[in-house]
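Protein chains: 2
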Amino acid sequence: VLAANRRFYDAFEALDLDAMEASWETSARAACLHPGGPWLLGWEQVRESWAAILSHTSYIEFEIVEPRVEMIDPVAWVTCVERITTVAGGGQTVSEVAATNLFVIDGDGWHLLLHHGSPIVRPAPLDAAEDEPEG
Amino acid sequence: VLAANRRFYDAFEALDLDAMEASWETSARAACLHPGGPWLLGWEQVRESWAAILSHTSYIEFEIVEPRVEMIDPVAWVTCVERITTVAGGGQTVSEVAATNLFVIDGDGWHLLLHHGSPIVRPAPLDAAEDEPEG
Chain A
1 VLAANRRFYD AFEALDLDAM EASWETSARA ACLHPGGPWL LGWEQVRESW
51 AAILSHTSYI EFEIVEPRVE MIDPVAWVTC VERITTVAGG GQTVSEVAAT
101 NLFVIDGDGW HLLLHHGSPI VRPAPLDAAE DEPEG
Chain B
1 VLAANRRFYD AFEALDLDAM EASWETSARA ACLHPGGPWL LGWEQVRESW
51 AAILSHTSYI EFEIVEPRVE MIDPVAWVTC VERITTVAGG GQTVSEVAAT
101 NLFVIDGDGW HLLLHHGSPI VRPAPLDAAE DEPEG
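Top line first, the protein sequences correspond to chains A and B. First residue of the first sequence: 1, per this note's numbering; consecutive thereafter. First residue of the second sequence: 1, per this note's numbering; consecutive thereafter.
For the record, the hints were derived by calculation from the structure and aren't laboratory data. It cannot be assumed that every hint is accurate.
[Unchecked claim] One-sided and incomplete, this derived list gives chain B residues near chain A with beta-carbon spacing under 10 Å:
no., residue
1, R29
2, G36
3, P38
4, W39
5, S58
6, I60
7, I64
8, R68
9, I72
10, A99
11, V104
12, L113
13, L114
14, H116
15, S118
16, I120
Note that the structure is a prediction, hence the values are computed from the model and not measured. Ideal Cβ positions, reconstructed from N, Cα and C, are used throughout, including at glycine.
Model the full assembly from the supplied sequences, consistent with the hints where possible.
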């Protein structure tokens, strides 16, 4: 399951729509929600969103933090945090997205049924000194 | 499944922690993410968050918009939009949250395994006239 999960993020990093399609169950029950966005239901809508995202991204890198896998055969789901590095306009940005990835296994391996990504909001530190080493 | 889904929101509206607990599988694999928040993993963490949320809420109402149910026995998942009305400080606020609710069925019915809620961000209209009827 974690390999299938990684394959999804590898396809995103490679900006490769064919690889992205290969990591999904390309059926009517596919569902995807990008951070802040609405539900995209059915592979047609989901594919369209990936085509747009991949073609508008120049560089993106995913570090998957603390993935947790649960399984009830033939379904499995991963909860994780995506630590995302993007490069645009000469600058580098790191952000964090919480994700649910739901998979089903068939003769051809694990495929994504649902991806739900959402921004993680951290309260701003009240006291900058908290970020400094003591002393 | 939709009845179990509604039971979860009814428990939230009733601010009833026992009813909330009854709508979940109270196991180590329970997972919950409130909008903007981090992953809460295991029933202990999930329960603690609901205890805090329910005790700090005075009024909340959920209209569940366009719920979609998919099922791979013994698992089912609902994707939906929660149209939330809260009342605080004499004012009423309506907001929308996109949710994934994952259920498993056992001898005692459907129970939540995972709830993932995330804010839906709408771009501000550039031209207020777009909201006006034509003519």
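Against chain A, run the beta carbon of A99/B and see if the smallest gap drops under 10 Å. holds, 9 Å
Taking the least C-beta to C-beta distance, is S58/B closer than 10 Å to chain A? Status violated, d = 22 Å.
At a threshold of 10 Å, is the proposed contact between I72/B and chain A supported by beta-carbon distances? Holds: closest Cβ of chain A sits about 5 Å from I72/B, inside 10 Å.
Would the hint on H116/B be counted as holding, given a Cβ-Cβ threshold of 10 Å to chain A? At about 5 Å, which falls below the 10 Å cut-off, the nearest Cβ of chain A leaves the hint on H116/B intact, so it holds.
Would the stated hint for V104/B survive a check requiring a Cβ distance to chain A of less than 10 Å? V104/B check passes; min Cβ-Cβ to chain A is 6 Å, inside 10 Å.
Grab the minimum C-beta distance from R29/B to chain A and call the hint holds if it beats 10 Å, violated otherwise. With Cβ-Cβ at 5 Å, under 10 Å, it holds.
Does the nearest C-beta of chain A fall within a distance shorter than 10 Å of the C-beta of I120/B? holds, 6 Å
Next item in the hint list is P38/B. Is there a CB on chain A closer than 10 Å to its CB? holds, 6 Å
Any CB of chain A closer than 10 Å to the CB of L113/B? Check passed: Cβ of L113/B comes within 7 Å of chain A, closer than 10 Å.
Answer holds if the nearest beta-carbon of chain A is closer than 10 Å to that of I64/B; otherwise answer violated. violated, 13 Å
So, as I understand it, the hint says S118/B touches chain A; can you test that by seeing if any CB pair is closer than 10 Å? Where the cut-off is 10 Å and the nearest Cβ of chain A is about 3 Å from S118/B, the hint holds.
Does I60/B pass the interface hint, meaning its C-beta sits closer than 10 Å to a C-beta of chain A? Since the shortest Cβ distance to chain A is 20 Å, the answer is violated.
Figure legend: structure checked against the earlier numbered hints; hints not met, in rising order: 5, 6, 7.
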